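Residues per chain, in single letters:
2 protein chains.
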Amino acid sequence: MKSFIPPTRTLMGPGPSDVHPRILSAMARQTIGHLDPAFIGMMDEVKEMLKYAFITENELTFPISAPGSAGMEACFANLVEPGDKVIVCINGVFGSRMKENVTRIGGQAIIIEDDWGMPVNPEKLEQCLIDNPDAKIVAFVHAETSTGALSDAKLLCELANKHGCLTIVDAVTSLAGSELRVDDWGIDAIYSGSQKCLSAMPGLSPVSFGDKAIHKLSNRKTAVTSWFLDLNLVMGYWGKGSKRAYHHTAPVNTLYGLHESLVMLTEEGLENSWSRHQKNHQLLRDGLQTLGISYLVDESSRLPQLNSVIIPEGLSDEEVRNSLLANYNIDIGAGLGILGGKIWRIGLMGYTSRKENIERLLSAMKETL
Amino acid sequence: MKSFIPPTRTLMGPGPSDVHPRILSAMARQTIGHLDPAFIGMMDEVKEMLKYAFITENELTFPISAPGSAGMEACFANLVEPGDKVIVCINGVFGSRMKENVTRIGGQAIIIEDDWGMPVNPEKLEQCLIDNPDAKIVAFVHAETSTGALSDAKLLCELANKHGCLTIVDAVTSLAGSELRVDDWGIDAIYSGSQKCLSAMPGLSPVSFGDKAIHKLSNRKTAVTSWFLDLNLVMGYWGKGSKRAYHHTAPVNTLYGLHESLVMLTEEGLENSWSRHQKNHQLLRDGLQTLGISYLVDESSRLPQLNSVIIPEGLSDEEVRNSLLANYNIDIGAGLGILGGKIWRIGLMGYTSRKENIERLLSAMKETL
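One line per chain: the protein sequences are A and B, in this order. Residue numbers for the first sequence follow numbering that gives the first Met the number 0, beginning at 0 and rising by one. Residue numbers for the second sequence follow numbering that gives the first Met the number 0, beginning at 0 and rising by one.
FYI, nobody ran anything at the bench for these hints, they're computed from the structure. Each hint can be trusted.
Just so you know, same-sequence chains aren't split out, so a pair can sit in one copy or run between any two.
Once the Cα atoms are required to be at most 20 Å apart in a straight line, the calculated EDC-like pairs of lysine to aspartate or glutamate come out as: (1) Lys1 to Glu267; (2) Lys242 to Glu317; (3) Lys242 to Asp316.
All figures in this text were calculated on a predicted structure; none of them were measured in a lab.
Next up, chain A with everything else stripped away, as it sits in the complex (with noise of 0.2 Å):
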């Protein structure tokens, strides 16, 4: 067996997005313990970067040694009981592995669904919090990211607010990509991904937990089912003070990425990181537009980090992105489910998110269609 040397990508799909050098070299520098004082002082550091992301002063905010996917699990492990009535909106993948979070741990799914690339529908979730006064928890996603649909998560936790329950929020795809204010709009448990808008390598997924998220916790009358998610451990290593209690091998090196991609978003900015987004998400519109290439998601609720466009009549979906991989190097997304064979997602997240891409991707397909 050789080494593995990746060829060279421009990564335009749904995530994991292109990594800033300065990040691929902090990957690489010296791995030391996870109980070093020195490494604890790196950790207290992501956490205050992460505060400043999620726009919130929790004090539970910390990454998840695990992928988006075990975040999300965090959540549902650690807030839901078994019995549990949870209003999960689904308008996606994302919310339909909401869904199974709840039911595989023994917690009461109640659903309200609405078509594929639309937003999740207000309307229809204050009439369920109306149906269903005991319902104790209301989670969706605020970014769709099998869609490209961009749901209105202020609005949303206000109903969940006003009917008593917490909620939960998948910010995966919108976490410096999209506005979003986990104080402000009073989200109690949130979760996203260290490899969408942040740029850093998979791997991670930064979580938030609001007063009320943690009252709940503290008062569940079962044990978490997950030893590895509970939080009332991790927290004995990812708390406050200098002595830590050992729980898991936090992974370091991938700890040293997440770190320096939050260094390089305090250094652009919060907001001038959104307002990026939005430019270069503009600019590859109006080039798509230009080919003829239409949209999934209606202007008013589309994420400009994710372009989910409609595969134009008579083209093959797999020999188009085969050949993007193949002869520019571009790796563009697939449909995921439903939506399989009929979008691609383009991803115009982190530090893929600059013109001389959009550019390269609007030449590579007007010369491939």
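Given the coordinates of chain A, assemble chain B onto it according to the supplied hints.
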């Protein structure tokens, strides 16, 4: 906030171990997509090399996308159903963690205990198997990282198999450091860590499941509680063929690192790696003897890669460790649980297991004590 530049340490604790520069370089290679054909080719090589390291033909051999504790949880979450009787052998921290896994899932844990520092007693296991003919699984730790004791995995598995039980084996610290033969010894499910004798960075847990384990998994009456760790789903991504179904986003760069560490293992040869760990252990042992430092574990069951030594009377645990770290940049491990303050754990794992490190440590200890 500024970039984080870690201090230069020599990692001589219970893991992570020092990472070879070749592996650090691999981590910094450009991130590509987790469904990229080039990446899938690399995944296949990782699987092949893990089969070599575990000495198994098990098709279901791959790394879980999270640290060793999640690998442990993957074994229990998939193989234990509510009500299942599981015999758990406890002779340190990680056996206790296994018990936690069993009971949180709703299994019934039957405990055999041995003193910390002793190997698992096969006679106790045999008696327990006779007393519990309805037990379905036997779980034990091959190399107890908390005590430095090696148990006779071959004999324990033989007994379990004779009584019709499946075996779950913790090989976090043993893989590539001590003799371990998954197929020959009749191990049904096993998990390890990337950051010990493989010297890759923390964050991955190599696992392997044999036919009998897969049979139990396929015939479950209840869904696996964890969506993230459900092998029925994970295998859609890590399975055979060139088509892989998206499950979660794999930690791409960390897998580059594991790949490189496994290439280095094939270059050195598995048995050579075992004997290097043994030879260097003897060097350290002889040196510690001249300093008057003795071992917790009897020579017959002493782990070469994890040397747990008794803190000499009158010395302060923390002062010595802090001094080694501050003055020599050498990181050794504290005792865990009931052994806290009583032992030091000196790791000679993977790339750390080199003569020059042993000499540096011995000379630093001589000056410090």
